[in-house]
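There are 2 protein chains.
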Amino acid sequence: MTTIYEIAKRAKVSIGTVDRVLHKRGRVSKETEEKVRQIILELNYKPSVYARGLALSKTYLFGILMPEPTQDGCFWQLPEVGIRKAQNELKVYNIEIKHFFYDKYSIHSFQQACASILAHPETFDGLLIAPVLSRFAEDFIKNIPHNIPYVFFDSYLPNVDCLTFIGQKSFQSGVLSGKLMSILVGRDATIAVIRILPEDYHLEDRVGGFQSFFSQDPGIRIRVYEADLMKGQEAIHAVTRRILEENGDLGGLFVPSACTGNVAEFIHSRNGQSPIRLIGYDLTDENIRFMKEGVIDFLISQRPEIQGYRGIHALYRHVVLKEAIPREMILPIDIVTRENIDYYINEIV
Amino acid sequence: MTTIYEIAKRAKVSIGTVDRVLHKRGRVSKETEEKVRQIILELNYKPSVYARGLALSKTYLFGILMPEPTQDGCFWQLPEVGIRKAQNELKVYNIEIKHFFYDKYSIHSFQQACASILAHPETFDGLLIAPVLSRFAEDFIKNIPHNIPYVFFDSYLPNVDCLTFIGQKSFQSGVLSGKLMSILVGRDATIAVIRILPEDYHLEDRVGGFQSFFSQDPGIRIRVYEADLMKGQEAIHAVTRRILEENGDLGGLFVPSACTGNVAEFIHSRNGQSPIRLIGYDLTDENIRFMKEGVIDFLISQRPEIQGYRGIHALYRHVVLKEAIPREMILPIDIVTRENIDYYINEIV
DNA sequence: CCAGGGTGCGTTAGCGCACACGCAATATAT
DNA sequence: ATATATTGCGTGTGCGCTAACGCACCCTGG
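Note that the protein sequences, when read in sequence, are chains A and B.
Using the working numbering, the first residue of the first sequence is number 1, and each one after it goes up by one.
Using the working numbering, the first residue of the second sequence is number 1, and each one after it goes up by one.
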């Protein structure tokens, strides 16, 4: 193990000088700085995290900005699980976490949460953000001081300098859903798709991917319906009713969001008819229940727990260990069905 | 943050005494020990990993015992990927790793690798073991000194005191394969299963699970064939040929191991006939290729990269951080198909 | 009676690093 | 010219913990 003493000795300077070079604190002549840098490279010096941690004895604070865990059928509890796990693991490294939840169907609530963070931005060593309300999130991002890194998870904001994005390729997950649906319904069928509003890139992409899978398949008729959640959860029931009324021969139904359970609930209550294949997203409690009951055929999981876990970890590795972080971490598109669902529930890294 | 000084002050003793209590090094009277323990509990004292690491300035060595990475169609490269990643991440905590590879089709080779470890067992702070050759692995385990912890991954050895097991539920993965096969082949079909020898609990369970899925399905005829890999890789080709010859109406083929690609290769070369649905295991290069070409329909992944990564991490958390480790970590049974395979390739935590 | 050993404690020297401080030597302002 | 910054460097202290060391005190056996 090479230490700053070793470097100082070889460069014929004191450890103070080495330290100044390492931390770019100036007060070093060009020549000595160059010499020290040279030796650091030669010896491939890496500071001891233990010694650094001890000397600094600083506690780091990461802020989390995300929807309230109870929203979207408690979907947002899932990243929470991973965040808590990371928090526990990283406690020993003096990492602390502060949550800022917002109501994703209330712009005011979102802006209030942002304001809380921006009131004392310098107290945070990093931020983990689910930028669900894309347009308003952009304003927030602009006001984050440049020296504080932030990570996106779940959804993405283009043209923004985040440390990394952790999530899934939405379009491709739609394509995969299409493939699964095609296996389930056979060559000739009518399939309904529920487009969820308010508009969200994420969900639009899923629908786009799904449609694209069938784009050259004349046997499959795809009909797109809309449900506006700004008008309340009842919108889902209403549209499902319409779909069933208007399509007596319905073979399958694709729901590009976590509210698949609401659809399942309605379909289930209307029993006795021919089975409708149902594919949706995310392992919320309700979705799990309807999958086990056989109402939902496939669920796509985005590994939300792991997104949360990795988000915190990325901040830790960047801020504390000063490691390089990849620009994005794309998680697999997990296919969940009755036979493997138990192993995906609260599955963390 | 509470320190040993704080504890010492409250207990009216010196830090040396506190240290002796913490490390159970004796030389402390019953009464003072009790008092110190009491205060430690009260303050919920957790030693600083930074200070410990610095004071100890010890490097830890973990040994890995697993098959040569090139075996089973380079399947064993996959856990290697995760192990290397963990190694890189944990380097800063003074963790080092030493590999012991063996030829899983040579008992002698296995025993030699074991002997290398047992020659100086005390140099290792922990072991990560893939106990593929179950019966011989048992002998090895018995000879590991009791103070050195070991972790199993990939497969399991019953009645043995490992720190944790990291792997998948083999039987259930077979059930899942059955489900997928049933969706693919429809209500009436003949399905062949290749039983891989030498006997391996892991693979037997997968076959068992697969058969159990169809146990009450009169429309599906399941025919089990055997291929003995001890006689070389050609056994796979030979049995595949026999299957095709004896089952003109073959609807599907289930291969419970990584050598699915070998089967695919053979089926692919015999083109022009009706499509045979193929389900197998693991993302080896060959399997990936045949999946992308459409020869393999589904692959089950056991997340081998993550198994390796987590194995090292578990040892680290137990040995260095002295954290409690769960008795087993069961990984999800991932369904991989053409549309999502790209996101599973070399996917690590 | 005392040598030898065990018991119960306090003291101390690092581990490698961060950072404040101090002290010359030079540069700039008054 | 003197007063005041600025540059370039070395020194020293402390972060919290580990483990060796040392010093009384007691017990035991010859």
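It is worth saying that the hints were derived from the structure and are not from the lab.
Be aware that a few hints might be false.
Note that the list lumps identical chains together, so a pair holds whenever it fits in one copy or between two copies.
[Unchecked claim] Listed below are the simulated DSS-like cross-link pairs for lysine-lysine, each with C-alpha atoms no more than 25 Å apart in a straight line: (1) K9 to K58; (2) K91 to K58; (3) K24 to K12; (4) K24 to K231; (5) K98 to K46; (6) K46 to K85; (7) K142 to K231; (8) K58 to K322; (9) K142 to K322.
> What label fits K24 with K231 when the C-alpha limit is 25 Å: within, between, both, or neither?
Replying inline: Neither: 55 Å inside a chain and 64 Å across chains, both beyond 25 Å.
> With identical chains treated as interchangeable, where does the CA-CA distance between K91 and K58 reach 25 Å or less: within a copy, between copies, both, or neither?
Replying inline: both (12 Å within a copy, 22 Å between copies)
> For K142 vs K231, is the C-alpha pair at or below 25 Å within one copy, between two copies, both, or neither?
Replying inline: neither (30 Å within a copy, 65 Å between copies)
> Given identical chains, is K24 near K12, meaning Cα to Cα at most 25 Å, within a copy, between copies, both, or neither?
Replying inline: within (19 Å within a copy, 44 Å between copies)
> Given a CA cutoff of 25 Å, do K98 and K46 count as a within-copy pair, a between-copy pair, both, or neither?
Replying inline: between (31 Å within a copy, 21 Å between copies)
> Between K9 and K58, at a C-alpha cutoff of 25 Å, which is it: within one copy, between copies, both, or neither?
Replying inline: between (29 Å within a copy, 23 Å between copies)
> When no copy is named, should K46 and K85 be tagged within, between, both, or neither for a Cα gap of at most 25 Å?
Replying inline: This pair counts as between: shortest inter-copy Cα distance 18 Å, intra-copy 28 Å.
>> At most 25 Å between CA atoms: does that hold for K142 and K322 within a copy, between copies, both, or neither?
In response: Cα proximity of K142 and K322: one copy only (24 Å, versus 42 Å across).
> Should K58 paired with K322 be assigned to within, between, both, or neither, using CA atoms and 25 Å as the limit?
Replying inline: both (15 Å within a copy, 22 Å between copies)
Violation of the numbered hints given earlier is confined to hints 4, 7; the remaining hints are satisfied by the structure.
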